[in-house]
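2 protein chains.
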Amino acid sequence: EIVTALDSFVALNMACSPITPAQNISKNALLSGKRIMITAGPTREAIDPVRYISNHSSGKMGYAIAKAAVELGAKVTLVSGPVNILPPENVEVESVVSAQQMYDAVMSDIGSHDIFIACAAVADYRVDNASNHKMKKNKDDGLTLSFIQNPDILKSVAALDTAPFTVGFAAETQDMIEYAKSKLIRKKLNMIAANDVSKPGLGFNSDKNALIVITPEKEYELAQASKDSLAVNLLRLVEREYQETQK
Amino acid sequence: EIVTALDSFVALNMACSPITPAQNISKNALLSGKRIMITAGPTREAIDPVRYISNHSSGKMGYAIAKAAVELGAKVTLVSGPVNILPPENVEVESVVSAQQMYDAVMSDIGSHDIFIACAAVADYRVDNASNHKMKKNKDDGLTLSFIQNPDILKSVAALDTAPFTVGFAAETQDMIEYAKSKLIRKKLNMIAANDVSKPGLGFNSDKNALIVITPEKEYELAQASKDSLAVNLLRLVEREYQETQK
Numbered sequence: 161e162i163v164t165a166l167d168s169f170v171a172l173n174m175a176c177s178p179i180t181p182a183q184n185i186s187k188n189a190l191l192s193g194k195r196i197m198i199t200a201g202p203t204r205e206a207i208d209p210v211r212y213i214s215n216h217s218s219g220k221m222g223y224a225i226a227k228a229a230v231e232l233g234a235k236v237t238l239v240s241g242p243v244n245i246l247p248p249e250n251v252e253v254e255s256v257v258s259a260q261q262m263y264d265a266v267m268s269d270i271g272s273h274d275i276f277i278a279c280a281a282v283a284d285y286r287v288d289n290a291s292n293h294k295m296k297k298n299k300d301d302g303l304t305l306s307f308i309q310n311p312d313i314l315k316s317v318a319a320l321d322t323a324p325f326t327v328g329f330a331a332e333t334q335d336m337i338e339y340a341k342s343k344l345i346r347k348k349l350n351m352i353a354a355n356d357v358s359k360p361g362l363g364f365n366s367d368k369n370a371l372i373v374i375t376p377e378k379e380y381e382l383a384q385a386s387k388d389s390l391a392v393n394l395l396r397l398v399e400r401e402y403q404e405t406q407k
Numbered sequence: 161e162i163v164t165a166l167d168s169f170v171a172l173n174m175a176c177s178p179i180t181p182a183q184n185i186s187k188n189a190l191l192s193g194k195r196i197m198i199t200a201g202p203t204r205e206a207i208d209p210v211r212y213i214s215n216h217s218s219g220k221m222g223y224a225i226a227k228a229a230v231e232l233g234a235k236v237t238l239v240s241g242p243v244n245i246l247p248p249e250n251v252e253v254e255s256v257v258s259a260q261q262m263y264d265a266v267m268s269d270i271g272s273h274d275i276f277i278a279c280a281a282v283a284d285y286r287v288d289n290a291s292n293h294k295m296k297k298n299k300d301d302g303l304t305l306s307f308i309q310n311p312d313i314l315k316s317v318a319a320l321d322t323a324p325f326t327v328g329f330a331a332e333t334q335d336m337i338e339y340a341k342s343k344l345i346r347k348k349l350n351m352i353a354a355n356d357v358s359k360p361g362l363g364f365n366s367d368k369n370a371l372i373v374i375t376p377e378k379e380y381e382l383a384q385a386s387k388d389s390l391a392v393n394l395l396r397l398v399e400r401e402y403q404e405t406q407k
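Chains as they are written, first to last, in my numbering: chain P, 161 to 407; chain U, 161 to 407.
Please note that the accuracy of each hint is not assured.
In this list, chains with the same sequence are indistinguishable; a pair is considered to hold if it fits within one copy or across any two.
Below, computed lysine to any residue pairings styled on SDA-like, alpha-carbon distance capped at 25 Å [said to hold, decoys possible]:
1) Lys235 x Ser272
2) Lys297 x Val287
3) Lys315 x Tyr339
4) Lys297 x Thr333
5) Lys368 x Asn244
6) Lys315 x Asn244
7) Lys294 x Gln260
8) Lys296 x Asp335
9) Lys294 x Ser306
10) Lys294 x Lys348
11) Lys343 x Ala370
12) Lys296 x Lys359
13) Lys294 x Pro242
14) Lys359 x Val243
15) Lys294 x Ala385
16) Lys368 x Leu246
17) Lys235 x Thr322
18) Lys294 x Lys341
What the hints contain is simulated information worked out from the structure, not anything from laboratory work.
Since the model is a prediction, treat every value here as computed from it, not as a measurement.
Bound conformation, chain P alone (with noise of 0.2 Å):
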């Protein structure tokens, strides 16, 4: 499990650690002319009017990306579900509730995109026999729900005959690179971010993350960092090894 491939990483780093993000902007556009879509946030998946399942995925970590994308002049489309917070400047943002709504928006746009990443947390799930009205509680004390699973949005792009570059996330509480590296392989990604949600201050609702990042044939580690600083370096990645793709 020990991450490898930190060598490049570190090189990558160390050359471009002296750029702020500022100067990116003007003087190395290293997403000119790349059409990004990006998912963020919870989806929610009603029981009746009044309830619903959702999960703590604040959307930070993918406005962060949306942001960072922007300035690394990219052209981005910002698929959300409901969060607290605003959208960057200068994003298309479709906002959706439910998995299904999130699916549609995206197979329906990803058409144009050169690079899909996936950063939402979908409810695998959804109510099978969700109700019109509030349900009322039972006299016998117990209540049981059906679930169904939702369309998987990730391996729908990524399972295109025209599929872009697609990253997906992992969030996980344990043997987060085993899972990781599963879903990258089982989905066909190009690239996985996993990062341990079980860790106090970071991931979910936090301003800071640290991730793994992982592709068919490399790892690379981004340090604890502010999300915006990661994003960034995120995409740092996604670009070199997108243009490995299109070699």
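Once you've looked at the hints, dock chain U against the given chain P.
Chain U in isolation, oriented as in the chain P frame:
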């Protein structure tokens, strides 16, 4: 289902309408010396470390009542689920996440309060088999969760030997008044405020609301207004009915 006793409320409302809330503070601190506990916001029930069940309560109504209660001279304790709004000034806030935590916070401190207003949308159920690690998708496309009932905070407070004047809320999507009356009687409340959360632009997440306020003997209609304005008028009714119980 026709609302009765509107006459008395209209009279009350008209008598009060020339007085702004700001003037109320100095002129007649209606709730001076009263200790009021208010619950607000949703609760969240963990499915695993990443996923949870919650509801659409924004906390706005409860926070508006807390603000109005302070302005009317009360000493206010606000027990709040996770919300994205700032608490009003001069309110003692206790932040909780789950229904069990809200129950514990309320029950440990309710004894020192004269009035209890349960505005929170408390999860009736929690997951019986919540996981300590992020659950993975099954191969068979399905998932079943079992739920058990959470403790009933409102009923528990009303059942205390030294119960405060207890006000519940009923957020309904159908048969609103019937459900609210049933809840009032079943839980032995002094008052219940019912609102129809199926109406667009009212209730959850909105800045406006409309309430039907029911006591064992009377019904009042608080017509559509800002939550701040409704909060003041609701507290006037609470104070009036509270005084009745002290005779």
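Going through the hints against the structure:
In this homomeric assembly, lysine 235 and serine 272 come within 25 Å of each other (Cα to Cα) only inside a single copy, at 11 Å, whereas the closest approach across copies is 58 Å. With identical chains, the CA atoms of lysine 297 and valine 287 are at most 25 Å apart both within one copy (17 Å) and between copies (14 Å). Only within a single protomer do lysine 315 and tyrosine 339 lie at most 25 Å apart by alpha-carbon distance; the minimum there is 15 Å, versus 45 Å between protomers. Taking identical chains as interchangeable, the C-alpha atoms of lysine 297 and threonine 333 lie at most 25 Å apart only when they sit on different chains, with a minimum of 15 Å there against 33 Å within one chain.
When the C-alpha separation of lysine 368 and asparagine 244 is checked against a cutoff of 25 Å, the pair qualifies both within a copy, at 17 Å, and between copies, at 20 Å. For a Cα distance limit of 25 Å, the shortest separation of lysine 315 from asparagine 244 qualifies neither inside one copy, at 27 Å, nor across copies, at 33 Å. Taking CA atoms no more than 25 Å apart as the test, lysine 294 paired with glutamine 260 passes in both settings, with 22 Å inside one copy and 21 Å between copies. Only between protomers do lysine 296 and aspartate 335 lie at most 25 Å apart by alpha-carbon distance; the minimum there is 12 Å, versus 39 Å within a single protomer.
For the identical chains of this complex, lysine 294 and serine 306 are neighbours both inside a copy (17 Å) and across copies (18 Å), given an alpha-carbon limit of 25 Å. In this homomeric assembly, lysine 294 and lysine 348 come within 25 Å of each other (Cα to Cα) only across copies, at 22 Å, whereas the closest approach inside a single copy is 41 Å. In this assembly of identical chains, lysine 343 and alanine 370 lie within 25 Å of each other by CA distance solely inside one copy; the values are 19 Å within and 49 Å between copies. In the homo-oligomer, the alpha carbons of lysine 296 and lysine 359 lie at most 25 Å apart only across protomers (19 Å), although the nearest pairing inside one protomer, at 37 Å, exceeds that limit.
When the C-alpha separation of lysine 294 and proline 242 is checked against a cutoff of 25 Å, the pair qualifies both within a copy, at 21 Å, and between copies, at 21 Å. Proximity of lysine 359 to valine 243 under the C-alpha cut-off of 25 Å is found in both arrangements, the shortest distances being 22 Å within a copy and 23 Å between copies. For the identical chains of this complex, lysine 294 and alanine 385 are inter-copy neighbours only, at 24 Å across copies versus 43 Å inside a copy, given an alpha-carbon limit of 25 Å. In this assembly of identical chains, the alpha carbons of lysine 368 and leucine 246 lie at most 25 Å apart whether taken from the same copy (18 Å) or from different copies (23 Å).
Taking the shortest Cα distances, lysine 235 and threonine 322 sit within 25 Å of each other inside one copy (19 Å), while across copies they are farther apart (64 Å). In the homo-oligomer, the alpha carbons of lysine 294 and lysine 341 lie at most 25 Å apart only across protomers (16 Å), although the nearest pairing inside one protomer, at 41 Å, exceeds that limit.
Hint violations for this structure: number 6 only, all remaining hints satisfied.
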